[in-house]
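Here is how the chains run, residue by residue.
Protein chains: 2
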Amino acid sequence: MQLVSNSNILIVGLGLMGGSYAKALSRVGFHVNAIAHKQADIDYAMERGFIEKGADWADPELIGNAELVIFALYPHVFKEWIEENQKYFRPGTLITDVTGVKRCVVYDIQEILRDDVEFIAAHPMAGRETSGIQSADDTIFRDANYIVVPTEKNTPEAIESCKSLGRVMGFSRITELTPEKHDEMIAFVSQLTHCIAISLMTCNDADHIGTYTGDSFRDLTRIANINENMWTELFVDNMDALIHQMDLFSAEFGRLRWMLASRDIEGMKETMRKSTARRIALDQGR
Amino acid sequence: MQLVSNSNILIVGLGLMGGSYAKALSRVGFHVNAIAHKQADIDYAMERGFIEKGADWADPELIGNAELVIFALYPHVFKEWIEENQKYFRPGTLITDVTGVKRCVVYDIQEILRDDVEFIAAHPMAGRETSGIQSADDTIFRDANYIVVPTEKNTPEAIESCKSLGRVMGFSRITELTPEKHDEMIAFVSQLTHCIAISLMTCNDADHIGTYTGDSFRDLTRIANINENMWTELFVDNMDALIHQMDLFSAEFGRLRWMLASRDIEGMKETMRKSTARRIALDQGR
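Chains as they are written, first to last, in the working numbering: chain E, 1 to 286; chain P, 1 to 286.
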């Protein structure tokens, strides 16, 4: 499937991410339709021109007309949907997703999928603290990373189409990772950071901290405002990788505590110099 | 001492904070002088009009002319300076500071200080990742908290003058805490967050994370770019309070890990709902 200007795209799931995709893709001129759970979300998207048509059920006509289908669903719902409705895909359909964990969906979906339909996984590294299509905003893709997650089953054409999709939506960096590398990396840079933010926000019952706090506490807890249904599922689906990263962090945090308790000033300074150098390298894109 | 428009203010220490104070106070019309370690910093401040006069030594004339002296030094340097140079203060001088820890300086300084000079402690909750007067920027005080930290030895007049100082520099919230409450609170909202950011930045040797990371990791590690000399001193000076907060955080983080490992979905969701509610309350200033 070649992504051209009059391609028919179907988005399944109109939450924050599905809605933001619809907004971005209709703006650049594609024919975008959607299937969603709630009619109100479809109405919202149609009124704003994010989609042309929509249905609150797995409408065979919408599914069969699509050349590209994008799944913006929770992992377990995604698999169920494919099992029940893949019979409606037209031959040659390309499907992709936005799921934040990959090993647990990519292999299963590729296993159960019809031979004449290809699934190429992708993870848009963008989000907001608020959920739902009412928060849809395609500016979140600017300066953000879009990771294509192919397996040996994917064709070079599908990988290229998926990258084109990321480019047309305005992502600034398009990269490729295996499902294993993706899940390891995401456990560190995304899931661990959310675990830390949640724990920082809930570890102390101090009242009125807003009166005394500086920017640093606000920065570290911005993502403590979290969609508990989505994130518990993402955490459990990537449990082994996340627990490994939590343990690496705990060990390092414990090491800092030990250096402080034993007044190992030089050890603390060395750790801070390392963190400073790495943070500067991160800003410089290294 | 009444803070009036032609007051003579002396700033001791021209780093990021001393420089930002000098910039803010000269801009609103005070006569601002400074004593600093390096002549280059004094030259920098004079060229930009942050100060009228300066010296790279404890010039008795500059000290004796000041009605208000602001110390922007590391805690241990502050105490040494007072011991050596307090003989030059004129009677009635008010002194204040910007030190990020309070128990370890306030009582000692008030103990050794001449009876005709008053020390009222304050903590401006503002900062930047870069240090030195070259980073001086008084816009960091906007929307920031300024905490006055009086003891029983302080007069109502000195407390009021200190609050006025915070107001004229543009801080948006001026509050009062005891040294004990201040150090407990700062261990949580500032020092713990820095320990977390450092540990997150150093716990994993992953390369090229900038290529894959989203905003959350960048938010949580912004303050991992840290002045190691200042922060090790602040950590050690507040060790008991900081270790207590680190232990509270570790326990909560360990609880989340345990819930994940035992697939306690409802427990994780409950924790996330709590973190979400608290983060929203923080944004609403509650």
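In short, the hints are calculated from the structure, not lab data. Bear in mind the structure is a predicted one, so any value in this text is a computation, not a measurement. Treat the hints with care, since some could be wrong.
Which copy? The list can't say, so a pair holds if one copy fits it or any two copies do.
Straight-line distance between alpha carbons at most 25 Å, and here's what the computed SDA-like set of lysine to any residue pairs gives [unchecked claim]: (1) Lys53 - Lys87; (2) Lys163 - Thr211; (3) Lys269 - Glu80; (4) Lys269 - Met46; (5) Lys79 - Ser262; (6) Lys53 - Glu176; (7) Lys274 - Thr155; (8) Lys87 - Arg218; (9) Lys274 - Leu113; (10) Lys269 - Asp219; (11) Lys163 - Lys269; (12) Lys269 - Arg114.
Status of the hints after comparison with the structure:
In this homomeric assembly, lysine 53 and lysine 87 come within 25 Å of each other (Cα to Cα) only inside a single copy, at 21 Å, whereas the closest approach across copies is 82 Å. Only between protomers do lysine 163 and threonine 211 lie at most 25 Å apart by alpha-carbon distance; the minimum there is 15 Å, versus 46 Å within a single protomer. Taking the closest pair of Cα atoms, lysine 269 and glutamate 80 come within 25 Å of each other only across two copies (23 Å); inside a single copy the shortest separation is 52 Å, beyond that limit. For the homomeric pair lysine 269 and methionine 46, neither the shortest alpha-carbon distance inside one copy (56 Å) nor that between copies (33 Å) is at most 25 Å.
Taking CA atoms no more than 25 Å apart as the test, lysine 79 paired with serine 262 passes between copies only; the shortest distance there is 24 Å, against 52 Å inside one copy. Taking the shortest alpha-carbon separations for lysine 53 and glutamate 176, neither the intra-copy value of 32 Å nor the inter-copy value of 59 Å comes in at or below 25 Å. In this assembly of identical chains, the alpha carbons of lysine 274 and threonine 155 never lie at most 25 Å apart, being 41 Å within a copy and 45 Å across copies at closest. In this homomeric assembly, lysine 87 and arginine 218 never come within 25 Å of each other (Cα to Cα): the closest approach is 48 Å inside a single copy and 43 Å across copies.
In this homomeric assembly, lysine 274 and leucine 113 never come within 25 Å of each other (Cα to Cα): the closest approach is 47 Å inside a single copy and 40 Å across copies. Taking the shortest alpha-carbon separations for lysine 269 and aspartate 219, both the intra-copy value of 23 Å and the inter-copy value of 22 Å come in at or below 25 Å. Taking identical chains as interchangeable, the C-alpha atoms of lysine 163 and lysine 269 are never at most 25 Å apart, the minima being 43 Å within one chain and 34 Å between chains. Taking CA atoms no more than 25 Å apart as the test, lysine 269 paired with arginine 114 passes in neither setting, with 57 Å inside one copy and 36 Å between copies.
Hint compliance for this structure: hints 4, 6, 7, 8, 9, 11, 12 are not met, and every other hint is.
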